[in-house]
Amino acid sequence: MLPLIEVKGLRFTYPDGTPALNGVDFTLYPGETVFLLGPNGSGKTTFVLHLNGLLRGEGLVRVCGLDLRDPRNLPTVRAKVGVLFQDPDDQLFMPTVLEDVAFGPLNFGYPRELAFQKAREALARVGMSHAADRAPYHLSAGEKRRVALAGVLATNPEVLVLDEPTTFLDPPSQRDLLCLLRELHQAKVIVSHDLTLGRALATRALFFSGGKIVAQGSFDEIIHRFGWATVPSQPNGG
Amino acid sequence: MHVPDGILAPPVWMGLATASAFALGYVGRRLRQQTWQQNIPLMGVMGAFVFAAQMVNFPILPGTSSHLLGSALLTLTLGQPLASMAMTAVLTLQAFIFQDGGVLALGANVFNMAVMGTLVAQWAGRAFGLYKKTWGAVAAGWFSVTIAGALAVAELLASGIRLPSWSVWLALGALALTGIVEGLLTAAILALLERSGLRKLETPIGRQSRIVAVTALLSVVALTAGALIASADPDILETALVKTGLDKLATTLLQSPFGDYQAPIAGPSWLRQVLAGALGIALIVGAALLLARFYTSRKKLPPRCTTSS
Amino acid sequence: MHYVVLERLSQRDSVLHRRDARAKIVATLSLLVALAFLPNSAWLQFGSMALLLMAATSMADLPVRILALRILVVLPFSGLAALASWLAGDPARGVAILVKSCLSVYLVILLVATTRMPELLQALKQLGVPDAMVLGLQFVYRYLFVISEQAQHMVFAARSRMGWQEGPSVRLKPHSLGLRTAAGLVAVLFLRSYERSDRVFQAMLARGFRPGQLVAKPSKLAAPDILFSGSAVSFAALLVATAKFGV
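Protein chains in written order, with numbering that gives the first Met the number 0: chain A, 0 to 237; chain B, 0 to 308; chain C, 0 to 246.
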């Protein structure tokens with residue numbers, strides 16, 4: 000089976016000199032759901048911004064066989080890799096929900112009618128058809144997240160990259176999002192420490208530290224190896 | 000400072016709207032030559048920031064409070080062209096959503112705050128020291144507020160509204176005070192921004208451009224004062240000219256477009272005042288645009304700080 | 000926040016709400032221009048304009064009290080200008096300033112209270128405002144609420160750690176802060192907004208943004224819209240003409 004995403008020896012330093020990635024190797028196959036774990040500032044978000052060429056470091060990044068070092072591949076790659084950003088307010092910037100969801104298809108060159116049809120389908124897919132004409136600002140956090148997801152789905156991506164998708168969501172919205180994600184067939188790269196989400200969806204998990212992948216295994220394995228699901232007992236015995 | 004509709008005389012708001020449209024068209028062309036697509040979210044989000052920053056009140060004198068106006072801060076951080084566009088977007092939305100400032104008067108408000116306010120901030124910043132120096136920031140804040148406000152007063156007078164002279168002095172005094180607060184706040188914020196590692200967008204300037212900045216600033220100040228005096232009371236201008244012996248020159252100059260200043264042109268006296276004001280303002284616009292073109296054509300904005308493809 | 004009230008009103012449905020935004024902009028502008036050109040003593044014309052606007056208010060089924068309160072926003076500026084004019088011995092002009100500016104604001108309020116913001120922006124684009132400016136306006140409007148809310152939260156957070164720092168006779172406004180606190184807060188707000196603009200740009204690129212992609216929605220003006228703006232323009236012309244010929 001051909002990999003969807005291939006990353007070899009990826010290094011990246013921010014313009015102010017902060018090193019963020021120190022040689023990352025990563026492969027994603029169709030049907031996988033990979034969770035990225037690790038402490039804050041370990042390079043997870045920087046890494047996922049490389050997957051559709053928003054950031055470009057040294058090393059190889061190939062998506063569906065297309066090399067990201069060639070800028071001509073960027074439009075295709077960005078349509079194939081849909082990124083859901085951490086704060087939906089950064090992503091929903093058009094005046095109405097429908098226009099926002101149609102933003103991607105229009106930019107990827109779909110004819111106007113088709114773009115809006117795709118947008119309506121995507122809104123229906125996430126159960127937000129009723130909000131098509133509303134302003135994004137007035138939606139709840141869960142609704143914003145779903146509309147942002149629709150904006151990504153509208154271009155038929157093959158890979159979904161989700162950065163902390165359950166932050167700001169209450170438990171019912173988290174559950175709705177989980178069910179929605181489970182139904183989507185795309186391969187997924189998810190940055191999240193949400194235990195419920197990880198146990199339900201992850202086929203594999205990677206642990207980032209200091210800009211490198213230091214461990215990989217099943218979600219539970221990683222969580223337990225690094226002790227992230229347990230609270231240390233009180234030293235005095237309580 | 001936001002002039003509402005129903006106050007300015009038609010020649011005044013029409014003239015200023017035209018001037019603003021030309022100035023913005025010029026700025027827009029310059030932005031397009033650079034990476035304007037990246038500038039749109041910057042201009043929009045920073046415009047929204049100005050709105051929000053204006054909500055943060057702090058006390059100045061007992062019983063009164065003030066807030067940042069923001070055109071100097073935006074100019075010193077984003078550069079004059081982008082600051083001008085962002086302030087225009089802010090003023091437009093304020094006119095429509097908040098009814099803060101009129102729709103027909105929008106051209107005048109844009110001229111005062113988004114065009115002259117930012118230009119003067121840029122020149123003052125450069126004239127009083129490089130941007131990182133506190134005095135440059137204080138001066139930029141002070142001039143942006145004071146000049147914009149004085150222009151608004153001049154426009155009222157040029158529209159034929161008779162204001163008691165003490166009220167004009169009161170308004171100018173209040174503006175100067177607000178300007179000090181704006182300047183201090185702008186300097187404090189810039190110092191904090193610099194410490195927190197925001198890479199400065201403006202590069203240090205040379206001696207030559209500093210001379211240009213000083214000249215431009217001085218001529219704007221002189222023309223604003225001239226516009227105020229000419230529209231408040233043409234006679235004052237007359238006396239001053241006679242005293243300094245410039246009357247002959249002025250008469251020749253004024254004779255050509257408008258005939259003798261003393262012998263009024265046909266029409267009511269307010270029309271004469273409007274013409275005097277319009278003349279002053281036209282001079283400012285012309286000088287400012289020429290200087291801006293002269294100055295900005297030699298300088299390019301450096302790239303923004305984060306990488307993006 | 001108070002301006003949200005007008006936005007909520009614009010979601011309603013009425014004959015005026017249904018008119019094309021372009022038609023409403025043209026109508027508003029022509030009436031504003033007519034007001035600007037009326038002489039100071041055109042009481043008949045001022046009166047008929049007021050009657051027309053009141054009729055429009057009731058047609059659009061808008062709450063009179065809220066609109067009346069909104070009209071008062073011009074008073075700080077116009078009131079002072081009028082007062083000064085009066086003191087300088089020109090009372091007629093002072094009164095005219097008040098009347099004209101109130102009527103002008105009333106017009107703009109009617110436009111905003113009957114037109115949804117996306118439609119207004121779309122109409123500006125259709126009327127020839129450059130793309131970059133319309134997009135800029137769109138972004139300011141979009142992030143206005145988000146960043147204002149951030150500012151609000153930061154002010155609350157600052158206040159909750161400031162205790163009750165009031166001078167003996169100074170009554171602070173609810174959001175009032177010291178100058179230094181205000182500077183720090185605005186600086187942080189600046190950085191957060193600046194970083195947000197980068198993330199927004201990344202989100203735009205991630206969805207394939209290229210300049211020139213955002214085209215105006217093609218839509219034709221319907222007959223009622225043309226009729227509406229046509230009658231507004233002729234009413235405006237009528238007002239100016241009658242005033243000019245001394246009626």
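Accuracy of the hints is not assured; some may be wrong.
[Stated by the list, open to error] Stretch-level coverage of chain C by chain B, calculated; a stretch enters the list once three of its residues show a Cβ under 8 Å from a Cβ in chain B:
1) 8 to 16
2) 21 to 34
3) 43 to 54
4) 70 to 84
5) 149 to 156
6) 190 to 201
7) 231 to 244
Please keep in mind that the hints were generated in silico from the structure rather than gathered at the bench.
Being a predicted model, the structure only gives us computed values, none of them experimental.
We put the CB at the ideal spot given by N, CA and C, even for glycine.
Broken hints, numbered, in rising order?
1, 3, 7
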